[in-house]
Amino acid sequence: VLSVSIIISIGAGFSDNIDSYLSISRTIVFFPIFYLGYIFTKKHTAIFKNKKLIPVSIITFILFFIIYVIHPINADWLLGSSPYTSLENEGQSIFSPFKRLILYGIILIAMTAFLNLMSTKKKLYTYIGSRTLYVYLLHGLIIGIVRGFEWYPFDNPISLMTYLYLISISVIIVYVLSTNFVCKWTNPIINLQRPSQFKDS
647 VLSVSIIISI GAGFSDNIDS YLSISRTIVF FPIFYLGYIF TKKHTAIFKN
697 KKLIPVSIIT FILFFIIYVI HPINADWLLG SSPYTSLENE GQSIFSPFKR
747 LILYGIILIA MTAFLNLMST KKKLYTYIGS RTLYVYLLHG LIIGIVRGFE
797 WYPFDNPISL MTYLYLISIS VIIVYVLSTN FVCKWTNPII NLQRPSQFKD
847 S
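Going by the numbering used here, the letters in the sequence shown line up with residues 647 to 847, in that order.
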């Protein structure tokens with residue numbers, strides 16, 4: 647399933663008919679990542695949890711940051727909502743599929759580095775990890791409202807307040823969409839189950 651989903655994801659980038667409508671493109675592009683998370687077990691996670699490798703994980707993120715600053719990429723590659731023709735300056739090329747594969751590689755490396763930095767102790771916010779699908783599928787509604795009302799404070803000029811606003815609104819969105827109330831009553835849409843079948847983790 648994983649290999650097939652990756653092939654479909656790579657092939658979907660060639661279609662100009664797949665865009666941000668209903669997040670179809672995003673769903674196809676990020677499905678392999680969600681599926682990988684679905685089949686991951688505690689045994690798999692334990693493989694990447696090694697305190698001796700914590701410095702390596704930190705260095706990995708620092709290198710990613712430095713590379714991005716030196717050689718910034720088109721942010722639309724990370725959104726997964728555009729065909730190759732929109733992502734490349736001169737239209738899609740033979741290298742476009744390989745770039746998406748490289749992106750998957752970067753995501754996997756970042757995921758393993760992040761897992762190694764995560765504490766094994768249960769925290770106040772640990773439950774959010776089991777509800778990321780709700781956040782991913784529903785956050786577009788809130789973003790749409792923000793865009794519709796043009797709630798863009800501190801955007802001109804861009805300053806420290808701009809980043810504080812973006813971080814704050816991101817935290818609020820994640821918190822709200824991962825609450826028991828939201829997850830319970832959107833369970834019929836997300837998991838095709840009755841609200842009463844939602845399990846509080």
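Any given hint could turn out to be false.
[What the hints assert, rightly or not] Okay, derived cross-link-like pairs now, DSSO-like style, lysine-lysine, Cα gap no bigger than 30 Å in a straight line: (1) K845 x K695; (2) K767 x K698; (3) K769 x K688; (4) K768 x K688; (5) K769 x K830; (6) K745 x K767; (7) K688 x K830; (8) K845 x K745; (9) K698 x K768; (10) K695 x K745; (11) K769 x K845; (12) K768 x K845; (13) K769 x K698; (14) K768 x K689; (15) K768 x K695.
[Stated by the list, open to error] Now the in silico label distances, taken between C-beta atoms and shown as ranges: (16) I815 x I835: 18 to 26 Å; (17) K769 x G657: 36 to 44 Å; (18) N663 x R793: 19 to 27 Å; (19) L806 x I755: 23 to 31 Å; (20) V820 x L763: 42 to 50 Å; (21) G657 x T772: 12 to 20 Å; (22) Y821 x M764: 14 to 22 Å; (23) F760 x G657: 25 to 33 Å; (24) V820 x I752: 19 to 27 Å.
Keep in mind that the hints were calculated from the coordinates and are not lab data.
Note that beta-carbon positions come from the ideal geometry of N, C-alpha and C, so glycine has one too.
Against the structure, the hints:
This hinted pair checks out: K845 and K695 have alpha carbons roughly 27 Å apart, not beyond 30 Å. Our distance criterion of 30 Å between C-alpha atoms is met by K767 and K698, whose separation comes to about 18 Å. Of the pairs offered as hints, the one joining K769 and K688 holds, with about 17 Å between alpha carbons and a cut-off of 30 Å not exceeded. For the proposed pair K768 and K688, the alpha carbon gap of about 14 Å is at most 30 Å, so the pair holds.
A hinted pair counts as satisfied when its Cα atoms are at most 30 Å apart, and K769 with K830 qualifies at roughly 22 Å. As the CA atoms of K745 and K767 are separated by approximately 37 Å, the hinted pair breaks the 30 Å bound. Using a Cα cut-off of 30 Å, the hinted pair K688 and K830 holds, with the two alpha carbons roughly 25 Å apart. Among the hinted pairs, K845 with K745 is inconsistent with the structure: their alpha-carbon atoms are about 39 Å apart, more than 30 Å.
Under the criterion of a C-alpha separation no larger than 30 Å, the hint pairing K698 with K768 is consistent with the structure, at around 21 Å. At roughly 28 Å between alpha-carbon atoms, K695 and K745 fall within 30 Å of each other, so this suggested pair holds. The suggested pairing of K769 with K845 holds, with an alpha-carbon distance near 18 Å, which does not exceed 30 Å. Only pairs whose Cα atoms come within 30 Å are accepted, and K768 paired with K845 is accepted, the gap being roughly 18 Å.
Pair hint K769 plus K698 holds up; C-alpha atoms about 22 Å apart against a cutoff of 30 Å. At most 30 Å may separate the alpha-carbon atoms for a hinted pair to count; K768 and K689 meet this at roughly 17 Å. For the hint linking K768 to K695, the alpha-carbon distance of about 15 Å falls within 30 Å, and the restraint holds. The supplied range of 18 to 26 Å is met by I815 and I835, whose beta-carbon atoms lie about 23 Å from each other.
Taking 36 to 44 Å as the suggested C-beta distance range, the pair K769 and G657 conforms, at roughly 40 Å. At roughly 23 Å, the beta-carbon separation of N663 and R793 lies within the given 19 to 27 Å, and the hint holds. Between L806 and I755 the beta carbon distance is about 30 Å. The supplied range of 23 to 31 Å therefore holds. Between V820 and L763, the C-beta spacing of about 18 Å breaks the proposed range 42 to 50 Å.
Checked against the hint of 12 to 20 Å, the C-beta distance between G657 and T772 comes to roughly 37 Å, which is inconsistent with it. In this structure the supplied range 14 to 22 Å holds for Y821 paired with M764, their Cβ-Cβ distance being about 18 Å. The hinted window of 25 to 33 Å between F760 and G657 holds, with their beta carbons roughly 29 Å apart. Take V820 and I752: their Cβ atoms lie about 22 Å apart, and the range 19 to 27 Å holds.
Checked against the numbered hints given earlier, the structure breaks hints 6, 8, 20 and 21 and satisfies all the rest.
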